[in-house]
Amino acid sequence: MYPKTYSKLYPHWLRRFAFTLLGIVLLYAPFALLTRLVLWATRTPLQPDAHRICLRMPIQWLAQPWMYRTMIEQPAYLGAVVVLPVLAFFVGPLFCGWMCPAGHLTEFLSRLVPPRFQIDLAGKVNPVPIRYGFMVGMMGASLMGGNVCCSFCNFAHTQNIVSALSGNFLGISYWASFTVISFVLWFAVLGLFTKGGRGWCNLLCPAGALMGLFHSIGSWLKIGRSVQIDQSLCRGCKTCMASCSSWAISTHSETLHVNSHACNGCMDCTHVCEHGAIAYRRTTATTAVPVPAAQEG
Amino acid sequence: MLKKAFEWARRCRRKLYSFAFGLALGSGALIAGSGQSCVTSGQ
Chain A
1 MYPKTYSKLY PHWLRRFAFT LLGIVLLYAP FALLTRLVLW ATRTPLQPDA HRICLRMPIQ
61 WLAQPWMYRT MIEQPAYLGA VVVLPVLAFF VGPLFCGWMC PAGHLTEFLS RLVPPRFQID
121 LAGKVNPVPI RYGFMVGMMG ASLMGGNVCC SFCNFAHTQN IVSALSGNFL GISYWASFTV
181 ISFVLWFAVL GLFTKGGRGW CNLLCPAGAL MGLFHSIGSW LKIGRSVQID QSLCRGCKTC
241 MASCSSWAIS THSETLHVNS HACNGCMDCT HVCEHGAIAY RRTTATTAVP VPAAQEG
Chain B
298 MLKKAFEWAR RCRRKLYSFA FGLALGSGAL IAGSGQSCVT SGQ
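Residue numbers (this note's numbering), protein chains in the order written: chain A, 1 to 297; chain B, 298 to 340.
Only chain B is shown next, with the shape it has when bound in the complex:
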């Protein structure tokens, strides 16, 4: 089972790296932007 999981991870490593990159970017953006005020001009 573990061997199969490693094999799958090896085959999909580029997708996994991309996913991890997006994950870091998404969480980083959210945490970095958290302290800033929201200004969306309405009507």
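If we strip away everything but chain A, and leave its shape as in the complex, we get:
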């Protein structure tokens, strides 16, 4: 189904799967251990589920200064706009690539779908400006009366799936028209039937956009860690490109390039490279390298 070199990724995928389970236990009801801890520490009498550590609403609230007080009073909301972006600045958006249950659900399930049934958008669509546009549009719409709604949130859809698996069917028994559209788009069209399984993350996740922005600033300032290609070791085989679920590796004018705005830090590329040319390390130099012409294609 996939190139033989991908078998090298199985132990790595297993580690990522373990971190995803940790993400579920920390953030999702009925466990929500981190959420419970934050709510207990701040004495907030609210139901501990994914809704309390929302990754969408606080980004919208950045454009609504009157909501800053709510974020300070309920610091769980600062996760999306302070904790994760600061982490992304220094170490990259590792939450996306290692812990986000919503992104991993579609990514892992998409590995079970034969590639011939999948849309390959890598290299055909530049996801970065679309995702930034989506984030800005979401923030701007809030000033015109729009309001973040769980019905278009894949994080909430995943919470409803986890709840259903643990016996609470309230979430999956309620289907507003917009819920159906966003679920099908996230889970099927941009998930299982898109190569890499992370079409929604790459194009429509505002939390990923914010982390990508901070990650790229950290890389640009050469402070943060990022995925980099060693020019002297790269053979231009493009196996890394094929393995990248975030469509972050591309060729531009005969150079291989890792786009830190799009990279989600999953590090599949560093494990799949047979020449050890890609590494996740502190940013030191440009990541653009020439692709040897003889080995192109």
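Simulated from the structure, these hints should not be mistaken for laboratory data. Any given hint might turn out to be false.
Stated by the list, open to error - Quick list of simulated restraints, FRET-style, between CB atoms:
(1) A:VAL82 to B:LYS301: 16 to 24 Å
(2) B:ARG307 to A:MET144: 27 to 35 Å
(3) A:SER232 to B:PHE303: 55 to 63 Å
(4) A:THR255 to B:LYS312: 12 to 20 Å
(5) A:ASN147 to B:LEU313: 35 to 43 Å
(6) A:MET144 to B:LYS301: 53 to 61 Å
Said to hold, decoys possible - Derived SDA-like pairs (lysine to any residue); straight-line CA-CA distance at most 20 Å:
(7) B:LYS312 to A:HIS257
(8) B:LYS312 to A:VAL125
(9) B:LYS312 to A:ASN126
(10) A:LYS124 to B:ALA317
(11) A:LYS124 to B:ARG310
(12) B:LYS312 to A:ASN259
(13) A:LYS124 to B:LEU299
(14) B:LYS312 to A:THR251
(15) B:LYS312 to A:LEU121
(16) A:LYS238 to A:THR270
(17) A:LYS124 to B:TYR314
(18) A:LYS124 to B:LYS312
(19) B:LYS312 to A:VAL136
(20) A:LYS124 to B:CYS309
(21) A:LYS124 to B:ARG308
(22) B:LYS312 to A:LYS238
(23) B:LYS312 to A:THR270
(24) A:LYS124 to B:LEU313
(25) B:LYS300 to A:VAL125
(26) A:LYS124 to B:ARG311
(27) B:LYS312 to A:GLY123
(28) B:LYS312 to A:HIS252
(29) A:LYS124 to B:LEU322
As the list claims (entries may be wrong) - Sample of chain B residues lacking proximity to chain A, with all beta carbon distances greater than 10 Å (derived):
(30) MET298
(31) LYS300
(32) LYS301
(33) ALA302
(34) GLU304
(35) TRP305
(36) ALA306
(37) ARG311
(38) LYS312
The model shown is predicted, which means the values in this text are computed figures rather than measured ones. By construction, the Cβ of each residue, glycine as well, lies at the ideal position given by its N, Cα and C atoms.
Put chain B on the given structure of chain A with help from the hints.
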């Protein structure tokens, strides 16, 4: 200055179109979803 801005916009027009597409999608999704109830099942 204006000439430089137009030159930059011409060079980056595909990115600008993509950004505008995302902008319309993001604001549209938010406005379209606003009228609908939030149901996230908790514990």
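Quick rundown of the hints versus the structure:
1. Checked against the hint of 16 to 24 Å, the C-beta distance between A:VAL82 and B:LYS301 comes to roughly 36 Å, which is inconsistent with it.
2. Evaluation of the 27 to 35 Å hint for B:ARG307 and A:MET144 yields a pass: the beta carbon distance comes to about 30 Å.
3. A C-beta distance of roughly 41 Å is found between A:SER232 and B:PHE303, which places it outside the suggested range of 55 to 63 Å.
4. Checking the proposed 12 to 20 Å range against A:THR255 and B:LYS312 shows it holds: the Cβ atoms sit about 18 Å from each other.
5. The given range of 35 to 43 Å is broken by A:ASN147 and B:LEU313, whose C-beta atoms sit roughly 28 Å from each other.
6. About 32 Å separates the C-beta atoms of A:MET144 and B:LYS301, a value inconsistent with the hinted range of 53 to 61 Å.
7. At roughly 17 Å between alpha-carbon atoms, B:LYS312 and A:HIS257 fall within 20 Å of each other, so this suggested pair holds.
8. Proposed proximity of B:LYS312 and A:VAL125 is supported: the alpha carbons are some 10 Å apart, at most 20 Å.
9. A C-alpha spacing of about 8 Å is found between B:LYS312 and A:ASN126, which places the hinted pair at or below 20 Å, so the restraint holds.
10. At most 20 Å may separate the alpha-carbon atoms for a hinted pair to count; A:LYS124 and B:ALA317 meet this at roughly 17 Å.
11. Pair hint A:LYS124 plus B:ARG310 holds up; C-alpha atoms about 16 Å apart against a cutoff of 20 Å.
12. Simply put, B:LYS312 and A:ASN259 have alpha-carbon atoms about 14 Å apart, close enough for the 20 Å limit, and the pair holds.
13. Restraint check: the Cα-Cα separation between A:LYS124 and B:LEU299 comes to about 31 Å, which exceeds 20 Å; the hinted pair is violated.
14. At most 20 Å may separate the alpha-carbon atoms for a hinted pair to count; B:LYS312 and A:THR251 meet this at roughly 16 Å.
15. Distance check on the hinted pair: B:LYS312 and A:LEU121 sit about 16 Å apart at the alpha-carbon level, within 20 Å; holds.
16. A C-alpha spacing of about 12 Å is found between A:LYS238 and A:THR270, which places the hinted pair at or below 20 Å, so the restraint holds.
17. Straight-line distance between C-alpha atoms of A:LYS124 and B:TYR314 comes to about 14 Å, which keeps the hinted pair within the 20 Å bound.
18. Distance restraint check for A:LYS124 and B:LYS312: the Cα-Cα separation of roughly 13 Å lies within the 20 Å cut-off, and the hinted pair is therefore satisfied.
19. Distance hint between B:LYS312 and A:VAL136 is fulfilled; the C-alpha atoms sit about 15 Å from each other, no more than 20 Å.
20. Straight-line distance between C-alpha atoms of A:LYS124 and B:CYS309 comes to about 16 Å, which keeps the hinted pair within the 20 Å bound.
21. For the proposed pair A:LYS124 and B:ARG308, the alpha carbon gap of about 18 Å is at most 20 Å, so the pair holds.
22. Restraint check for B:LYS312 and A:LYS238: not satisfied, since their Cα atoms lie roughly 24 Å apart, outside the 20 Å limit.
23. Pair hint B:LYS312 plus A:THR270 does not hold up; C-alpha atoms about 28 Å apart against a cutoff of 20 Å.
24. As the CA atoms of A:LYS124 and B:LEU313 are separated by approximately 16 Å, the hinted pair is consistent with the 20 Å bound.
25. Of the supplied pair hints, the one linking B:LYS300 and A:VAL125 is violated, its CA atoms being roughly 28 Å apart against a limit of 20 Å.
26. Straight-line distance between C-alpha atoms of A:LYS124 and B:ARG311 comes to about 12 Å, which keeps the hinted pair within the 20 Å bound.
27. Taken as a hint, the B:LYS312 and A:GLY123 pair is honoured in the structure, with Cα atoms around 14 Å apart against an allowance of 20 Å.
28. Restraint check: the Cα-Cα separation between B:LYS312 and A:HIS252 comes to about 15 Å, which is no more than 20 Å; the hinted pair holds.
29. Distance restraint check for A:LYS124 and B:LEU322: the Cα-Cα separation of roughly 19 Å lies within the 20 Å cut-off, and the hinted pair is therefore satisfied.
30. Residue placement check: B:MET298 keeps its beta carbon more than 10 Å from all beta carbons of chain A (closest about 23 Å).
31. Here B:LYS300 stays apart from chain A, with its beta-carbon at least about 23 Å from theirs, past the 10 Å limit.
32. Consistency note on B:LYS301: stated as away from chain A, and its beta-carbon is indeed over 10 Å from all of that chain's, at 20 Å minimum.
33. At the 10 Å boundary, the C-beta of B:ALA302 stays outside the reach of chain A, the nearest C-beta of that chain being 17 Å off.
34. Here B:GLU304 stays apart from chain A, with its beta-carbon at least about 18 Å from theirs, past the 10 Å limit.
35. Every Cβ of chain A is farther than 10 Å from the Cβ of B:TRP305; the closest lies at roughly 14 Å, confirming the non-interface assignment.
36. The claim that B:ALA306 lies off the interface holds: its Cβ sits roughly 13 Å from the closest Cβ of chain A, which is beyond the 10 Å cut-off.
37. Not every Cβ of chain A is farther than 10 Å from the Cβ of B:ARG311; the closest lies at roughly 7 Å, contradicting the non-interface assignment.
38. Remark: the non-interface label on B:LYS312 conflicts with the geometry, its nearest Cβ contact in chain A lying 5 Å away (cut-off 10 Å).
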